[in-house]
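Participant: Chain by chain, the residues:
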Amino acid sequence: MKLTLAQLRCGQRGIIKDFSTEDVPLKLLEMGCLPGNEVEVLQTAPFMDPMYLNMNGSHLAIRKETALHIEIELID
Amino acid sequence: MSKQINVALIGNPNTGKTSVFNQLTGLNQKVGNYPGITVEKKEGICKLPRGLKAHIIDLPGTYSLNASSLDENVVIELLLNKNDKDYPDVAVVVSDVENLKRNLLLFTQVKDLGIPTILVVNMADRMERKGISLDIERLEEKLRTKIALVSARKNTGIDELKEFIINYKHLSTEPCVNASVIDPEYFEGLRSAYPNQSLYKLWLVITQDVNFGNLNRNELAKTSGFQTKPESDLKRLQQKETILRYQFINGVLKESMSVDARAAKDLRSRLDRVLTHKVWGYVIFFAILLLIFQAIYNWSSYPMDMIDEAFAQLSEWAKNTLPEGAFTNLIAEGVIPGLGGIVIFIPQIAFLFLFISILEESGYMSRVVFLMDRVMRRFGLSGKSVVPLVSGTACAIPAVMATRNIENWKERLITILVVPFTTCSARLPVYLIIIALVIPDRSFWGFNLQGLTLMLLYLIGFGTAIASAWILNKILKIRSKSYFVIEMPNYKLPMLKNVGINVVEKTKSFVFGAGKIILAISIVLWVLASYGPGEKFNNAEEIVSANYSEENPVSKADLDEEIASYKLRNSYIGIMGKGIEPVVAPLGYDWKIGIAIISSFAAREVFVGTLATIYSVGSDEEETIKNRMAAETNPILGGPLFTFASGISLLLFYAFAMQCMSTLAIVKRETNTWKWPLFQLVGMSAFAYLVALAAFQLLK
Ligand SMILES: Nc1nc2c(ncn2[C@@H]2O[C@H](COP(=O)(O)OP(=O)(O)OP(=O)(O)O)[C@@H](O)[C@H]2O)c(=O)[nH]1
Ligand SMILES: [Mg+2]
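Just so you know, the sequences run in chain order A and B.
For the first sequence, the numbering used here assigns the number -9 to the initial residue and increments by one for each residue that follows.
For the second sequence, the numbering used here assigns the number 25 to the initial residue and increments by one for each residue that follows.
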């Protein structure tokens, strides 16, 4: 099983590897969600949804359903 | 005289475009620390040195030229349509120094369109604090442009920007990135099919569905044999293009920017740990709401009492000083009480705007969006619906406009449909006066009962909005792809000037907008109440006096009062009112309230003014609106007209009824059909009637 962004906990960081669907909105890419970039989970709302992220310097929140499509590699 | 230079301000959301616009033009457009404050094109004139002038256009923020929501379309439509009268001679891309990398993506796209482009690096005042240093010359060279380092807050760098605008003809229009490398074959085909169009522009037109005058995607496919690609392929190409642009930008910034991470004192993360916390975040949010309502209620009572008293005296004064006659009566009994009915609410409305404005300027609003998204989704709304719902407490019109940054059409439509349930400031006058009449001014566990009632009404408004959203979500069959991204801006100390301007402008437009309607309606009402048809009205004095004789005496004052009310009942308005009384009587109202309800279909605020006008016609004493209302009696049941039951019934009626023409007009504009505004008008008003009916019948 591949690790996705949705599985990260508060404070964990990872490197974006790939997207598991073509439906990852272009807007996310434009906001810095690109393969190779680092992402950190800053905070999650109850039920881990939505997630508040620092994506390559951009601070943004996305829903879990989107995070499920973003494959990452954990950094510790 | 030379022609004006057309300048378009473009940039990511929340980078300070409007702040720069205000500095350039001296105007006061609304600024706020929330992505998506500007949703429409705004224009202004900027005086440049050497007698030149520029026509400046402020645009909604956009992350790129690939539109995904309505406000972003505005930008792309403008940039791709050379025939637009606002088509820019020069584009000014405003960027935030803290997010330069992401901001440059849009810059490279705009520049690749072949428009002369200036880069503004805004928020320069924050560089030191964040440990950012920039090599501007290097950056200018790499990006082939002129760069102005600006702080719109501190008003620095603006003159330099003006110089660049004057000299826009010397800017290079060479592209930054050659987008055709993502699929050379495809782009070559495109070029040979349309040899006299800019290649990058063609690419943008092909990849999106916006209206560009006579150039749109389908036509492109028809007019020549050019074969475009299936959507998913295009999408992949767009992703490739984005990656390509970021590679270019990374290369540029590596040489010209450095960030000293240790210098960055991070207020954001410390605040966010509490404000977006799973538990504390919500506790704080509700505490803030509670504080706002208590404050609105308690702080503004003193100025309100003073205003009420002042208008009563003014009316009295006008009566005594102006020459006697119909005109004086119109002024003293129609216009002054009518206007008093609106001016009295300025303190409360100003407080409300003050709080909303502070929430927006501080950057807290995005945190609320984050906290509420999941809950709101249950009801078919988006976290972003919170902002329209909160700003709907000021007025539904800007709130409906504020839905424009919701990406998903269904979520947006539902938000638009339910926003009018939130308690807008126009309802406040009605609520306050009725609460003052029927709810005791006592304290309950340290909270003022009247304040609690008001808060309850706000909660009912929100609750109904949410509940109807849930129902609409079940009923409406609209498929639309949903995704959600929101930027979380840095916290900022709200700028006093921005907040101040906001409060003054909003309050002014409330007073003048409502003032005009109220003035007109109060004049009409006064005429209708002061004249009547036939014998009964004209001979009122004889008819009433005939009831009394030597054996059945009456004091002069009582007689006068009886004559006045007899006249009113037989005036034009009295006759109309009697006609509608059967409809409103079951709700516990008399015909005067019926008239007030009807006239407030133009705008809710009219209610108090209408009652004030009707009650003051023919009465001699100097009295405040509140006292007059308290003295009214119920014609059918006897006893005071405003009882707990009728008061609650009236409050609920105003909570639910759709009584605002301007909102209906704006909903028509935003949804492009009369279907939805009519749905709101009929649905909400019928619901309001039933609830008010039930309330009165149960409580009486
Ligand atoms: N510190 C600092 N803050 C600024 C500066 N310029 C603007 N701001 C703040 O940044 C926030 C956003 O400003 P706006 O002018 O509304 O930004 P905008 O780009 O028009 O935003 P949208 O219309 O939402 O796209 C506000 O809180 C401003 O007060 C600046 O030079 N320095
Ligand atoms: Mg703006």
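Misleading hints may appear alongside valid ones.
Here are the computed distance ranges between Cβ atoms for each label pair [unchecked claim]:
1) A/I65 / B/R693: 36 to 42 Å
2) B/H301 / A/L64: 20 to 26 Å
3) B/R260 / A/Q2: 25 to 31 Å
4) A/R(-1) / B/I502: 33 to 39 Å
5) A/R(-1) / B/V307: 33 to 39 Å
6) A/L58 / B/I312: 31 to 37 Å
7) B/T197 / A/Q2: 42 to 48 Å
None of these hints come from the bench; they were simulated from the model.
All values derive from a computational prediction rather than experimental measurement.
Each residue gets a CB set at the ideal place from its N, CA and C atoms; glycine is no exception.
Participant: Tell me the numbers of any earlier hints that the structure contravenes, in ascending order.
Facilitator: 1 and 5
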